[in-house]
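J.: Take a look at the letters that make up each chain.
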Amino acid sequence: MVTNFLLRALDRRTAIVLIAILGVGILLPVLNLATDPSSPFHVPTYVLTLLGKYLTYALLALAVDLVWGFCGILSLGHAAFFALGGYAMGMYLMRQIGDRGTYGNPLLPDFMVFLNWKELPWFWTGFDHFWFAAILVLLVPGILAFVFGWFAFRSRVTGVYLSIITQAMTYALLLAFFRNDMGFGGNNGLTDFKEILGFDIQADTTRGALFFASALALAAGFWICRAVIASKFGKVLVAVRDAESRTRFIGYRVEGYKLLVWTLSAMMAGVAGALYVPQIGIINPGEFAPANSIEAVIWVAVGGRGTLIGPIVGALLVSFGKTWFTSGMLAEYWLFVLGGLFVLVTLFLPKGVVGTFLARDRKKPAEKPIEDVVAPGAVGQAAE
Amino acid sequence: MTSTIEPVAHAKAKDSLLYLDGVSVSFDGFKALRGLSLVIEPGEMRAIIGPNGAGKTTMMDVITGKTKPDSGDVYFAGDTDLTRLDEAAIASLGIGRKFQKPTVFESHTVWDNIDLALAGDRKPFATLFHRTSQAEIARVEEILDTIRLTDKRDWLAANLSHGQKQWLEIGMLLAQEPKLLLVDEPAAGMTDAETAETAILLQEIARTKSVVVVEHDMTFVRDLGVKVTVLHEGSVLSEGSLDAASADPKVIEVYLGR
Amino acid sequence: MLNYVSRTIGALATAAMIGAGVTGAVAAEETIKVGVLHSLSGTMAISETTLKDTVLFLIDEQNKKGGVLGKKLEAVVVDPASNWPLFAEKARELISQNNVSVVFGCWTSVSRKSVLPVFKELNSILFYPVQYEGEESERNVFYTGAAPNQQAIPAVDYLMSEEGGAVKRWVLEGTDYVYPRTTNKILEAYLKSKGVAAEDIMVNYTPFGFSDWQTEVAAIKKFGSAGKKTAVVSTVNGDANVPFYKELGNQGIKATDIPVVAFSVGEEELAGIDTKPLVGHLAAWNYFQSVDTPENEEFIKKWRAFIGNEKRTTNDPMEATVIGFNAWVKAVEKAGTTEPDAVIDGLIGVSVPNLTGGFSTIMPNHHITKPVYIGEIQEDGQLDVVWQTPGLVVGDEWSDYLPDSKDLIADWRAPMSCGNFNVATGKCGGKGS
Amino acid sequence: MVDMIQRFKALLAILALVLVAAMPARADDLKPLVDGLGKNGYAALREAIGALAATGDPAVAPVLQALGAGDLYVRKSDRAVFAATKADGGFALKDPLTGADAGTAGSRDVEKIRVNNAVREAVTSALGSLTLMSADPAKRRAAAADVFRNSDPAQIPLIDQAISKETDAGIATTLQMARAAAVLKSDAPDAEKVAAIAALQAKGGRDVLAQLTAIEASAPDGAVKAAAQTAITSIQGTLKLWDGAQNILYGISLGSVLLLAAIGLAITFGVMGVINMAHGEMVMIGAYTTFVVQELIRNNMPWLFDWSLAISLPLAFLVAGLVGVLIERMVIRYLYGRPLETLLATWGVSLILQQAVRTWFGPNNREVGNPSWMSGAFELGNLTITYNRMWIVVFALVVFATLMLVLKRTPFGLQTRAVTQNRPMASSMGIRTPWVDALTFGLGSGIAGIAGVALSQIDNVSPNLGQGYIIDSFMVVVFGGVGNLWGTLVGAFTLGIANKFLEPYAGAVLGKILVLVFIILFIQKRPRGLFALKGRAVEA
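Chains as they are written, first to last, in our numbering: chain A, 1 to 384; chain B, 1 to 258; chain C, 1 to 433; chain D, 1 to 540.
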């Protein structure tokens, strides 16, 4: 059933995107490892880690787009799921340090040692095993999303209200993880990782593998999203986005649909976070900041919500802009640029870069089904 | 379930398709419905008229589960208490609703609109792995034919004209295969020709289903030629044929008296 | 269809190329590049922008003197935007793309923790100019700010002394992050070792940017009304200080009743407060703008001329930056190269004048020697020194008052070359047993 | 050491008593004593202060005051002590006793006499005994309070003398208390001490508690210890009740801050439906306006300082309002009906405004002072009420009431409500809806601006100011119910009080988390807030 579900979505276009993502995922690490630094084809490690980070951002953007672009749920709290996935991975990486921490304590991570913790809190058990952490990477964001969504969607909290309480959720988590008493390392978070699955985390080969894993996750995410959107389920999502009460009146229990896609999206964000952490080398409560969630939404808006390519393009473009602008003397202007980008995109490119691109390709009234593009006006309606 | 009142209600509601008794709804002190009672028989078509604020839309909201009444009974098909169900459950029971302003899924194609409304398993996982069967395709085509939109099947619903959207919405209702249709001002904003055709379409539908039509347009109501209920300030003012109702002095006073 | 996909990929590829190209351009070799890694936007800009300016000022001064090794210094400024992971990314960019010889940067501990692996992996040098919780000594990092024993412990000593008020009861008030947590752990152990009873110590934490201090200040008042002389040791961070002090002033907690000694409040922070009600509250640092020495006077004059503001304050992290910068220059000139390994080895033992009339020396544990000053807040927002340590204090990276670190020492000279050598077991790597 | 000081103080007080009646010594005799202040070391300094106080000569008071203020300097060449003020290139010297000009000195020729808290305390104590019989009742009151705080047994005769001369009942009571407290520390018979404890218990309060706890801890078992214990329990019981009241008060104060921050948002978000993420920056603009006004006043007309807030209010309203109108005209008007997109666009605007302020004013905090009428606190029973918090509560309520009046009673308010309820209808009735939109948004922003004036009194004035309030503001509006100003009022105070009751038990962080979780759950129960509008109009 699942195979069928996936294969059905594998049209030519999807296949090309998948091949492209995987191609980049293989090519860049190979160019990094196999070419000499002096070669014009050499990809420096710096670029590889940077792009690896972008890929995880792209996956997060895809997750945001799945709920916002296709179901009209504007989440201002997706960074929470991203960060929770990151923490699950970070906890595994912390356990891998073993007795190589600064205090050489075989049992406790450094931050617990100098705060005089005597034993490992119960919720750290199991993180010695990769499989356990991998499951929790999916489960923790998934369960949080499920519980949160179960309450929120059943009570029909929608639109702006939902956005604001998702923000409250991530803000509450931010404050909670800041607390040193919680046992997650407080403001410093988790850092000083050494190994993942026995491989040196700083080795170029490991970086290459992580880069490929990120590309693979992005491709898988893209494929799953594509399959979801192409199914009847996906059509119901768009129906919910466009006219929620109409969908109810033809007999769909909307909360179930929202809950399922919301949970799926949270799990995707969790995976993104889990891949982000080993490449960045640190996870701390700052990742829960409401501003991070809003930035993820911006990626989607810039790229084009309601298209699956859009969020990927948006995440890459904005992140690249950020990297470029925060170097050198332009630094002071970065916030002007980012702020201006938000304003201009909402005003002049409501469909985002990719959305506008696609709309230009199809000027005349559509003669064939269009699943990818949001009709003008539809989104506004979905908002309330 | 075994309170003392319910059996009585059941007894009265037993033979009807839709049974409303003493339904009251208020919003912040404003009483939208006050003790409204209404019975629709199986296979009946009923027109509901009344001035603005008479409570027509609120009545529809109560029946379809959007609004919970403060007091009163609402039963469907004899013994199903609608006040305990949500919109989706009520829709699955076989009550379809058409809004005053045509509401279709604008970014879906005409085909998908009908396909979504098609009776079937509406659980999320079922739709996720759903594969459209030949029977379903045939059924959609049949409905497209009925609502005269076969040639526009691949159009986005957003690009349809107002009248076409009305029809598409009716088509979606048909696809739901309801036992009872609630239709809110189906002729609003239509040309005369479209209005007449809509009346014919509704009559066709009414052959197999019960239909409640809320309408302002008296010509249209006359075209339908069915029993009429006049609402005023949240309760029934008069009931009977259109001619009888319009002869009712209370109705005349409400409509012309001020 | 294919069309737009290929176009998208094209765009991506171009972006990647530009990314690689812009930052990967090989530096022209006639300058020595110096990285500046301080937040210029976001919440930390408030503190860190000044340090960026300080480095630019020092580079300017150095170039006027002819640069280093006959080459001009060139600043490479990046903005990690108060975003900790971005610190790591920017550090990597500075070292591997811009080929800087040294980096001056970071303020918060978490930003330092974030960049640490990068400096270790790419073997470069970071000068960290802010007081911090200690419990760290890395080969690639030089800590020119105060360790707890260069700030917290002398301050408590002073308050316990007769002339400091003979304080018997202590409130440890901090922001909930690692620096206050560790400092308070150390202080608690220290106070207990001095015979202070557990019930005479109150510890409380508040979040970052906390602004409603009514309850906390009332609790301090209450704690202070137990008939013993009480003092507050404040490790409250950043923005939260202004509302804290405003509330203290308004609730009438005078320094003569319950003095507050702060480790994160300097001239810069006080510039945002009306200090009249705060006169007599204390701060412990290794430098105050008010320290009356010719070196300091000259520094302030030049700094103000450089920044073009006759009222611009100076503060302790700035002095730490100055010391770090001058030490690096000296070590590079001694080594005759900017090669990190040579400079790292050469830095140990380098002694440069500080701004308070003495010398600061880089010790084998990569911390430095500093005098400790206790200052009282004056009406004009300056801190007047009321007490100072008789000599220089060596920064102690591993606190003697924490059970797990009391056996550890750091010595980066050969043959030990270890940041966490356990004297009890004689092993490097911190292993206690 | 402590003992020695005690004994020394006793000696001083006796000397003071003896000398009070004696003829004032001449300035020449005092001069060596004043120069004694120039000796090195705090202990020596305190001794010198004691010697000066022992003269009992009122002429000494200004010298001690100058010392306390840190204005005394020693000339390095002859160790003579002067009151010095900064003059160009050096210092202008004055004789501290007579105030006569004593020439100038270079900045390296003189050395400031270092004053620390212990010295300052000695100064206050000395001044207290010197001014206990001053003609000025305010000075006497302060002196009496100082004497109470020091509660030095050696001062009992002095206090007795002061009591006998005191005419002001309030000061006399304080002196009685001071005497009781001093008696407790003396070696008076137990009966007298028990009576003193009873007197102190009757006064109650935290400072008495402090005195009693110290006595209780040091007294040997017996009547005194028992009496002290009972008194402590009784006072603690009373204080516990007061603590509850204090929490409510703190809650109201926090609530008023939340109300101020949220009330502008209640208009732009609640009434107009615009999710204005730049709302916090409007508050920030108001605060910076206050800074600019105060800066101008400081530099040009310092006597106006106490009026600075009154002047800032209209200006902040105008500046923030104008920025609001600009934002509405340039961005928001294109986005009506797309609330989630206004969220994104205004977030962008907020980033731009933050960075603009950072670029103009620098990233550092800016000093905004409290005018004198907003400084300090007063006691109400055992409650400490700070003036700035009290005025902010009053101010928040006034702003709220004014806004209510504007919306309910003015033509503009009528038009606003008309436009927000039914735009096409309002427009067809001749209301210029674009203007009403712009002005309403301007009103909301302007109110945020004047909130900024108030918040500048308790918080940092920095580019990050607004960010600290934005989430809380949204919580208040959503919790209270969108579109209902009363809801905002009740919401703000409820959250404020809830927060302050949680804080002592859960701590500030956990308290805040609990409040957030509560709001999240509450929204599930009542998706449209506390004071939700029901009915079709809302859902249409």
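Any given hint could be a false lead.
[What the hints assert, rightly or not] Covered stretches of chain A, going by a simulated chain B footprint (3 or more residues, C-beta under 8 Å):
#1 227-236
#2 252-260
[As the list claims (entries may be wrong)] Straight line, CA to CA, 25 Å or less: simulated PhoX-like cross-link-like pairs of lysine-lysine:
#3 D:Lys225 <-> C:Lys222
#4 C:Lys302 <-> C:Lys64
#5 C:Lys228 <-> D:Lys225
#6 D:Lys112 <-> D:Lys86
#7 C:Lys311 <-> D:Lys525
#8 C:Lys168 <-> D:Lys225
#9 D:Lys86 <-> C:Lys229
#10 D:Lys31 <-> C:Lys229
#11 D:Lys139 <-> C:Lys254
#12 D:Lys203 <-> C:Lys221
#13 D:Lys76 <-> C:Lys222
#14 B:Lys31 <-> D:Lys525
#15 B:Lys68 <-> D:Lys94
#16 C:Lys276 <-> D:Lys31
#17 C:Lys168 <-> D:Lys86
#18 C:Lys302 <-> D:Lys86
#19 D:Lys139 <-> D:Lys76
#20 C:Lys276 <-> D:Lys240
#21 C:Lys301 <-> C:Lys64
#22 B:Lys31 <-> B:Lys123
#23 C:Lys33 <-> C:Lys334
#24 C:Lys194 <-> C:Lys229
#25 D:Lys112 <-> C:Lys254
#26 D:Lys86 <-> C:Lys276
#27 D:Lys76 <-> D:Lys94
#28 C:Lys311 <-> A:Lys194
#29 C:Lys228 <-> D:Lys525
#30 D:Lys76 <-> D:Lys112
#31 C:Lys229 <-> D:Lys94
Rather than coming from a laboratory, the hints here were simulated on the basis of the structure.
The beta-carbon is built from N, C-alpha and C at its ideal position, and this holds for glycine as well.
J.: Each of the hints needs a verdict: does it hold here or not?
T.: Here is what the structure says about each hint:
Three residues within the 8 Å Cβ limit are the bar, and the stretch 227-236 of chain A against chain B gives 6, so the coverage statement holds. Counting residues of the stretch 252-260 of chain A whose C-beta sits closer than 8 Å to any C-beta of chain B gives 7, which meets the bar of three, so the coverage hint holds. Proximity of Lys225 of chain D to Lys222 of chain C is assessed by CA-CA distance (about 22 Å); at most 25 Å being required, the pair is judged to hold. Pair hint Lys302 of chain C plus Lys64 of chain C holds up; C-alpha atoms about 13 Å apart against a cutoff of 25 Å.
The straight-line distance between the Cα atoms of Lys228 of chain C and Lys225 of chain D is roughly 17 Å, inside the 25 Å bound, and the hint therefore holds. Restraint check for Lys112 of chain D and Lys86 of chain D: satisfied, since their Cα atoms lie roughly 12 Å apart, inside the 25 Å limit. Of the supplied pair hints, the one linking Lys311 of chain C and Lys525 of chain D is violated, its CA atoms being roughly 56 Å apart against a limit of 25 Å. At most 25 Å may separate the alpha-carbon atoms for a hinted pair to count; Lys168 of chain C and Lys225 of chain D meet this at roughly 22 Å.
At roughly 36 Å between alpha-carbon atoms, Lys86 of chain D and Lys229 of chain C are farther apart than 25 Å, so this suggested pair is violated. Under the criterion of a C-alpha separation no larger than 25 Å, the hint pairing Lys31 of chain D with Lys229 of chain C is inconsistent with the structure, at around 35 Å. The straight-line distance between the Cα atoms of Lys139 of chain D and Lys254 of chain C is roughly 18 Å, inside the 25 Å bound, and the hint therefore holds. Distance check on the hinted pair: Lys203 of chain D and Lys221 of chain C sit about 18 Å apart at the alpha-carbon level, within 25 Å; holds.
The suggested pairing of Lys76 of chain D with Lys222 of chain C is violated, with an alpha-carbon distance near 45 Å, which exceeds 25 Å. The suggested pairing of Lys31 of chain B with Lys525 of chain D holds, with an alpha-carbon distance near 24 Å, which does not exceed 25 Å. Note on Lys68 of chain B and Lys94 of chain D: the hinted pairing is violated, with a Cα-Cα distance of about 86 Å set against a maximum of 25 Å. Only pairs whose Cα atoms come within 25 Å are accepted, and Lys276 of chain C paired with Lys31 of chain D is rejected, the gap being roughly 30 Å.
For a cut-off of 25 Å, the pair hint linking Lys168 of chain C to Lys86 of chain D is broken: about 38 Å separates their Cα positions. The hinted pair formed by Lys302 of chain C and Lys86 of chain D meets the criterion: a straight-line CA distance of about 21 Å does not exceed 25 Å. For the hint linking Lys139 of chain D to Lys76 of chain D, the alpha-carbon distance of about 35 Å lies beyond 25 Å, and the restraint is violated. With a C-alpha separation of about 32 Å, the suggested pairing of Lys276 of chain C with Lys240 of chain D is violated against the 25 Å cut-off.
Of the pairs offered as hints, the one joining Lys301 of chain C and Lys64 of chain C holds, with about 16 Å between alpha carbons and a cut-off of 25 Å not exceeded. As the CA atoms of Lys31 of chain B and Lys123 of chain B are separated by approximately 36 Å, the hinted pair breaks the 25 Å bound. Among the hinted pairs, Lys33 of chain C with Lys334 of chain C is consistent with the structure: their alpha-carbon atoms are about 18 Å apart, no more than 25 Å. Between Lys194 of chain C and Lys229 of chain C, the direct Cα distance comes to roughly 16 Å. Compliance with the 25 Å bound is thereby established for this hinted pair.
As the CA atoms of Lys112 of chain D and Lys254 of chain C are separated by approximately 23 Å, the hinted pair is consistent with the 25 Å bound. Using a Cα cut-off of 25 Å, the hinted pair Lys86 of chain D and Lys276 of chain C holds, with the two alpha carbons roughly 19 Å apart. Of the supplied pair hints, the one linking Lys76 of chain D and Lys94 of chain D holds, its CA atoms being roughly 15 Å apart against a limit of 25 Å. Distance check on the hinted pair: Lys311 of chain C and Lys194 of chain A sit about 48 Å apart at the alpha-carbon level, beyond 25 Å; violated.
For the hint pairing Lys228 of chain C with Lys525 of chain D, the CA-to-CA distance comes to about 50 Å; that exceeds 25 Å, so the pair is violated. In summary, the hint linking Lys76 of chain D to Lys112 of chain D is supported, as the alpha carbons are separated by about 10 Å, within the 25 Å threshold. Simply put, Lys229 of chain C and Lys94 of chain D have alpha-carbon atoms about 37 Å apart, too far for the 25 Å limit, and the pair is violated.
Checked against the numbered hints above, the structure violates hints 7, 9, 10, 13, 15, 16, 17, 19, 20, 22, 28, 29, 31; every other hint is satisfied.
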